[in-house]
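S.K.: Chains as they are written, first to last, in this note's numbering: chain C, 235 to 720; chain W, 235 to 720; chain F, 235 to 720.
It is worth saying that the hints were derived from the structure and are not from the lab.
Among the hints, erroneous ones may be present.
Identical copies go unnamed one by one, so any copy, or any two together, can satisfy a pair.
In silico lysine to any residue, SDA-like type, Cα no more than 25 Å apart, as pairs [what the hints assert, rightly or not]:
| # | residue 1 | residue 2 |
| --- | --- | --- |
| 1 | Lys393 | Thr608 |
| 2 | Lys510 | Glu440 |
| 3 | Lys516 | Asp621 |
| 4 | Lys583 | Glu269 |
| 5 | Lys510 | Asn620 |
| 6 | Lys393 | Ala684 |
| 7 | Lys510 | Asp621 |
| 8 | Lys499 | Gln611 |
| 9 | Lys395 | Ile559 |
| 10 | Lys526 | Arg686 |
| 11 | Lys401 | Ser534 |
| 12 | Lys532 | Ala702 |
| 13 | Lys583 | Gly460 |
| 14 | Lys254 | Asn620 |
| 15 | Lys688 | Glu488 |
For reference, the chains in residue letters:
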Amino acid sequence: MTKALPPTRHIVSINDLSNKEIETVFEVAQGFLEELADHHVPYRIARSTDLASKFILASLFYEPSTRTRLSFETAMLRLGGANITSADPAVSSAAKGESLADTIRVIGNYADVVVIRHPRDGAARLAAEYSQIPVINGGDGSHEHPTQTLCDLFTLRAKKKTLKNMKVAISGDLKGSRTIHSFVYALARFGATIDPLPAPGMELPEHVDRRLREEFHSRIVSKVSGASDSGDAGSIDALYVTADQPHQLALIPEPEDYGVIVQKKTDAVYVTRFQKERWAEKERPYPKIDAKFLRDEKYSEASVMHPLPRVNELDVSLDKDRRAIYFQQAAYGVPVRMALISLLLHLHKSQSLHQFPGGFAEPDHSVYVQPIGTGIQCGNANCIVNDPAERQYAANKFYIVEDEARAHCKLRCVYCETDVSEDAASHFTVADTTRKSLAPGLSTLARVPADRLKHLVIYPSESAAVEAGFQPREGGKEGGKKARSG
Amino acid sequence: MTKALPPTRHIVSINDLSNKEIETVFEVAQGFLEELADHHVPYRIARSTDLASKFILASLFYEPSTRTRLSFETAMLRLGGANITSADPAVSSAAKGESLADTIRVIGNYADVVVIRHPRDGAARLAAEYSQIPVINGGDGSHEHPTQTLCDLFTLRAKKKTLKNMKVAISGDLKGSRTIHSFVYALARFGATIDPLPAPGMELPEHVDRRLREEFHSRIVSKVSGASDSGDAGSIDALYVTADQPHQLALIPEPEDYGVIVQKKTDAVYVTRFQKERWAEKERPYPKIDAKFLRDEKYSEASVMHPLPRVNELDVSLDKDRRAIYFQQAAYGVPVRMALISLLLHLHKSQSLHQFPGGFAEPDHSVYVQPIGTGIQCGNANCIVNDPAERQYAANKFYIVEDEARAHCKLRCVYCETDVSEDAASHFTVADTTRKSLAPGLSTLARVPADRLKHLVIYPSESAAVEAGFQPREGGKEGGKKARSG
Amino acid sequence: MTKALPPTRHIVSINDLSNKEIETVFEVAQGFLEELADHHVPYRIARSTDLASKFILASLFYEPSTRTRLSFETAMLRLGGANITSADPAVSSAAKGESLADTIRVIGNYADVVVIRHPRDGAARLAAEYSQIPVINGGDGSHEHPTQTLCDLFTLRAKKKTLKNMKVAISGDLKGSRTIHSFVYALARFGATIDPLPAPGMELPEHVDRRLREEFHSRIVSKVSGASDSGDAGSIDALYVTADQPHQLALIPEPEDYGVIVQKKTDAVYVTRFQKERWAEKERPYPKIDAKFLRDEKYSEASVMHPLPRVNELDVSLDKDRRAIYFQQAAYGVPVRMALISLLLHLHKSQSLHQFPGGFAEPDHSVYVQPIGTGIQCGNANCIVNDPAERQYAANKFYIVEDEARAHCKLRCVYCETDVSEDAASHFTVADTTRKSLAPGLSTLARVPADRLKHLVIYPSESAAVEAGFQPREGGKEGGKKARSG
């Protein structure tokens, strides 16, 4: 007598939610916030509802955390639900060599929704592939941390009354911080101007920068000249300027507006700590945001944000500055996560998460899939597909991303979303397993139909394909290169 | 006004439950399973009952676990109860040197029922001796894991519609796996034929093999000839053939049936991982169960089972095989544990765990008890009595097990249930502390009345007794040997 | 519509509760105890109330614990509330370098009350300074463990029917045991005679001894002669004799009563384990309390107490002695903590914790505050102010404690409550930052008004003040000394 259930939604990337869905989350969160504030019964906030009273959240944390885990667990308790927790899988089944894929299938029989934190990029996506219950990404390696971004946006929206056309400076470890990656995608989608202030050598990763420009329609504009800059993206001299309606190009700022945007005051400075667990060096030169920094006129109305925990990059004396909103940010974690959990569990009658009915739509890329061990593999050493325990459960699985001119394709790992770059000395080779033939380059791959795509194996170079048993193309390796350059 | 409470039941061994009680657990579990399935409210399974709404389960885990602990905690939550958890006693009071006996007495004031996992064989029995609340063994060293066996049997019963007269192959580390030990006892009690497929050197422990034959009436039958085999028990060539009514010998298969049994198809293949935490070597040759193995006609209808976590011994490609039921096995952990907890807490009006009213009855052995430091001590180095922290709380405590012919006795440790073997060169000597005399061997010990037994101290050899201050027997050590051999 | 809330109360020291408030806690605890005993529904104790049903307790444990944490969490569950737990902050945000001050501000947005355990003395006070919700000290370094003392007193009161005029022997590591420190303050406040039986070199810390004598009006009396002894306080030959009404000096025993007190039988022997985590040596000679020790006539009616866990200092054979009440002590942890939590959350209509309306009143000391790095700093290396992660959040903050004759002042760290001692060779120097002048000693500091006090910086010596940029006083260092001695 079970009625047809809506499909299971997973929140692995902030891009798994459309702009409209994000607004839905915020409406529900606002309701909870007001309820929490009302419920001083008699003393302080108290569990506000029994909405989730028969549900269980599993916290599956493979990395240290206090804040995120306790915030989720508090949200579940305030919804009237209950928690099961594996807070240190180093002392759990993982120590016996169990794969994430097996763990998540077992946990899916215990809980109704699961939040996962993992040191590997893309781990949450792999978990979602195997999970029968909604998976929420609580941070996976350097990849994404979408619920932190929801809290960040909710806080900004509460402060600035809108999410549109903001100017946000982001400071610190832009490379290692998953929080930043989810955040910049969301900012771009709401039409923000992003001002990167990276620590030396900690610029936004190349693939994030490229996605901002190619997928989210960011323009790189010089902070000094206001001119559009095709040069060194992510550099300290560049702003990312975006439109809030990516598909309505008319709304994208015109070059004559760039000067205005460059002059505009900053709405928020978002500070992040040095993600030392993701770097070999334990000490690096690092920017410190303090009263002196904020004395600059352009920051006079800038909210100071930080996902916490902080170490030294955000001066303690700012705690009393009216612009500091980082503890507010942490506090909003509870109602925002209450909203997300209850929506994923379909506990609201009139509100739900519709799959991309408007706003942002997931790019409609073809997906290439081959087993691990066959053909090209994700080059990101920290990607979940490169974890020996997961080899049998993951796949070489890539989005085939075509550029706007439809002239060139690249491969983006479905799990960690980094692009596979061609080597300077050798180029991708596509092997046709039915015809036993090789072809150079990926240029037309995006338009190959799915039923043919499954017979193709991509190799990083022709020689790799030959090693795998294919006949070299006529004219050999050089011929391949020639053909491609022709 | 407290009414007389029923005695506290502990589930340390699968043999603490009679066959009828196991059936009761399964009836209750089946009810919960149906309730859980009904309660898609509105989305998925949800907490199904408030039966245990005022009760607390304590999880006391001295060894890594995700699955077992979360399964118990989920069961308690789905019953409407609550949990307190000590998931890594390495960072708890145990680190301060606290004994299990003290811990359990304190926890008994907090919770209503406790599940304990411990690296030492027999730890759960020691805990039960000191506990005022029901103790459930969640796995103790290489000894037993009875609730896993309940899930296993429940899964088999759901699949095969009966527990009787099954043929089950058990593969892998039969020596180190506590899961296997509980499982084979239960199988034997329900009249199964057991087909051991051990990894080299990982046969069933001698004491398990002996109990199967001596206590559970297993017959060793050659897989090849079908003849009864008095030889190398536990070897890869032997089947254990049992009757489902151990005390009705008429039902035990006749030798002429052995051929039929040998030919019978296997109902289930039960795979276990290499218990590397219980072995010095971290790598060993190990059987892998995969599609090729299962292609054998005799496995064509064999359910594939695994207690999980798996490492490499069970091929991932089997996940899609119709015979694979290991994730089902894990899922059934919740209703089965709900049933066990609620029965131990006496939360059902019409169903309860009666102490052995039928089916299997605990052997009626005399128990020998002396303090640690006096006389013979359990020779299993991993037994809880050999843990320095527990010395003062445990005892040299043995069942005096007489063979069927009542010609010979042996000692079985009450905690870890391993037998103490006589040394080839020296024999047990019994000291009478009132008469200050020594007697060789244990032959008549089983029939010594309890009030006299307490004055006797058993030594591993006459010389050990002499060292402890007793006068050597006339004729000295040789005499003792002579007397015994006479 | 939020009505004015009562101020947030923190329980960091047993001295944060007045005697009358302690009695209130006990009355409420007694009610819960009876309710728990009644609720054998049908089996054993069960969650007794829904008083805290919408509230969350956060357990923030930076040190190993099973008993204290599970006792608090059980108390919260039995109140109908829920828990969030960070049981091993070594694998949490603390590992990322987060300060306690930041953590507590975040947790304050999740939970309604927090219990904290930390290896640093004074950590709970620092946490309380930053917390918007009630902080309960679950043990901070060697400083205090006030809820253990509440359980101890409740147990003593249940056994002896009164808390007044008891004679209590305290055995073992009196220096490292925070339990002992909270306990002796409470005993002194209820007029007890304290008989210290320290392990060699583990006497009560000097500052605890001094507070007993100076603040809690203890008299040191020779155990042998019964004479008042101005000599070696805390020595094995000395008793602390106190009055139960510290401000009614008439009730303090007269010297002629000392003999009677010395002869009086001991009401309780309180045994503590060697706090090896607070000592460099892992082995030390240590007293063992056993049947032989208790055979002494003066202990014939002495309850044997221990906060547990025990190691070897309390003989297991005493478990069956009628005087042993240590498991009772542990059991009372639940109702006592239920009472404290529910009172801090204002869940009782007719009972509350009034801030010191009677009984014990906190000494009315002036407080000196300067930032870390300026002037004198707490000399206790284990004080929270000396934790590098907390430097920016803590302060050099001292009570200026004047002796009864108002002739001399000393500095007591507000966090760890140890006194800063003057060096034999150099004396405190007070710098006036407005007048740029130095003055020797602290003698009149207690009477400096607060608005002037904030301009004064205390240095450990004149030379330290000079190093910090102040002009040496006329006549130089010697002059300073001379001035002081004059």
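S.K.: Does each hint fit the structure? Answer for all of them.
M.R.: Quick rundown of the hints versus the structure:
1. Proximity of Lys393 to Thr608 under the C-alpha cut-off of 25 Å is found in neither arrangement, the shortest distances being 51 Å within a copy and 37 Å between copies.
2. For a Cα distance limit of 25 Å, the shortest separation of Lys510 from Glu440 inside one copy, 20 Å, qualifies, whereas the shortest one across copies, 42 Å, does not.
3. Proximity of Lys516 to Asp621 under the C-alpha cut-off of 25 Å is found in both arrangements, the shortest distances being 24 Å within a copy and 20 Å between copies.
4. Taking identical chains as interchangeable, the C-alpha atoms of Lys583 and Glu269 lie at most 25 Å apart whether they share a chain (18 Å) or sit on different chains (24 Å).
5. In this assembly of identical chains, Lys510 and Asn620 lie within 25 Å of each other by CA distance both inside one copy and across copies; the values are 21 Å within and 24 Å between.
6. In this homomeric assembly, Lys393 and Ala684 never come within 25 Å of each other (Cα to Cα): the closest approach is 47 Å inside a single copy and 38 Å across copies.
7. Within a single copy, Lys510 and Asp621 get their C-alpha atoms as close as 21 Å, and across copies as close as 20 Å, so both meet the 25 Å cut-off.
8. When the C-alpha separation of Lys499 and Gln611 is checked against a cutoff of 25 Å, the pair qualifies neither within a copy, at 44 Å, nor between copies, at 43 Å.
9. In the homo-oligomer, the alpha carbons of Lys395 and Ile559 lie at most 25 Å apart inside one protomer (14 Å), although the nearest pairing across protomers, at 53 Å, exceeds that limit.
10. With identical chains, the CA atoms of Lys526 and Arg686 are never at most 25 Å apart, being 61 Å at best within one copy and 30 Å at best between copies.
11. When the C-alpha separation of Lys401 and Ser534 is checked against a cutoff of 25 Å, the pair qualifies only within one copy, where the shortest distance is 13 Å, while the shortest distance between copies is 66 Å.
12. Within a single copy, Lys532 and Ala702 get their C-alpha atoms no closer than 58 Å, and across copies no closer than 37 Å, so neither meets the 25 Å cut-off.
13. Taking identical chains as interchangeable, the C-alpha atoms of Lys583 and Gly460 are never at most 25 Å apart, the minima being 48 Å within one chain and 66 Å between chains.
14. Taking the shortest Cα distances, Lys254 and Asn620 never come within 25 Å of each other, neither inside one copy (35 Å) nor across copies (50 Å).
15. When the C-alpha separation of Lys688 and Glu488 is checked against a cutoff of 25 Å, the pair qualifies neither within a copy, at 43 Å, nor between copies, at 57 Å.
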